[in-house]
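Whenever a hint applies, use it, and build me the whole structure from the sequences.
17 is the number that this note's numbering gives to position 21 of the sequence shown; each next residue is one higher, with no gaps.
Worth flagging that the hints you see were computed from the coordinates, not collected in a lab. From a predicted model like this one, the values you see are computed outputs, not experimental measurements. The reader is advised that the hints may include incorrect statements.
To be verified - Straight-line alpha carbon distances no greater than 20 Å define the calculated DMTMM-like cross-link-like pairs of lysine to aspartate or glutamate that follow:
| no. | residue 1 | residue 2 |
| --- | --- | --- |
| 1 | Lys9 | Asp22 |
| 2 | Lys21 | Asp47 |
| 3 | Lys8 | Glu48 |
| 4 | Lys9 | Asp37 |
| 5 | Lys8 | Asp22 |
| 6 | Lys21 | Glu48 |
| 7 | Lys9 | Glu48 |
| 8 | Lys21 | Asp6 |
| 9 | Lys8 | Asp37 |
| 10 | Lys21 | Asp37 |
| 11 | Lys8 | Asp47 |
| 12 | Lys46 | Glu4 |
| 13 | Lys9 | Asp47 |
| 14 | Lys21 | Glu4 |
| 15 | Lys46 | Asp6 |
| 16 | Lys46 | Asp22 |
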Amino acid sequence: GEVAELNEVDVKKALLTAMQTMRVKDAATAVAGATGMARRDVYQLALGLKDET
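In structure tokens form, the structure reads like this:
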């Protein structure tokens, strides 16, 4: 796969922070915009995090 500029741990931290104040979809959009990653990929990570909590 493609190598992201940020590693998954950093993205997950950003998602967890964003998800405290917004819905998963909005958090994924915000983090994707901030990191330059594909929103779809970030959203999949976000869904995984949501399942863990």
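Exercise for review: With a cut-off of 20 Å on the C-alpha distance, tell me whether Lys46 and Asp22 pass.
Suggested key: At roughly 13 Å apart (the allowed maximum being 20 Å), Asp22 and Lys46 satisfy the hint.
Review point. Taken at face value, is the distance from the CA of Asp22 to the CA of Lys8 at most 20 Å?
Key: With a Cα-Cα distance of about 14 Å, the restraint between Lys8 and Asp22 holds, given a limit of 20 Å.
Review point. Does the structure keep Lys8 and Asp47 at a Cα separation of 20 Å or less?
Key: It holds: about 13 Å lies between the C-alpha atoms, which stays within 20 Å.
Review point. Holds or violated: are the alpha carbons of Lys21 and Glu4 at most 20 Å from each other?
Key: holds (18 Å)
**Study point:** Pair hint Lys46 and Asp6, alpha-carbon separation not exceeding 20 Å
**Key:** holds (16 Å)
Point to revise | Satisfaction of hint between Glu48 and Lys21, Cα-Cα up to 20 Å | key: The given pair, whose Cα atoms are some 17 Å apart, holds under the 20 Å limit.
Review point. Does the structure keep Lys9 and Asp22 at a Cα separation of 20 Å or less?
Key: holds (15 Å)
Review point. Within a Cα-Cα threshold of 20 Å, do Lys21 and Asp47 meet the stated pairing?
Key: holds (14 Å)
Check your understanding: Are the Cα positions of Lys46 and Glu4 separated by 20 Å at most?
Key -> holds (15 Å)
**Study point:** Satisfaction of hint between Asp47 and Lys9, Cα-Cα up to 20 Å
**Key:** holds (15 Å)
Review point. Between Lys8 and Asp37, is the straight-line Cα distance small enough, at 20 Å or below?
Key: holds (12 Å)
**Study point:** Hint consistency between Lys8 and Glu48 [alpha-carbon to alpha-carbon, up to 20 Å]
**Key:** holds (12 Å)
The structure meets every hint from the earlier list without exception.
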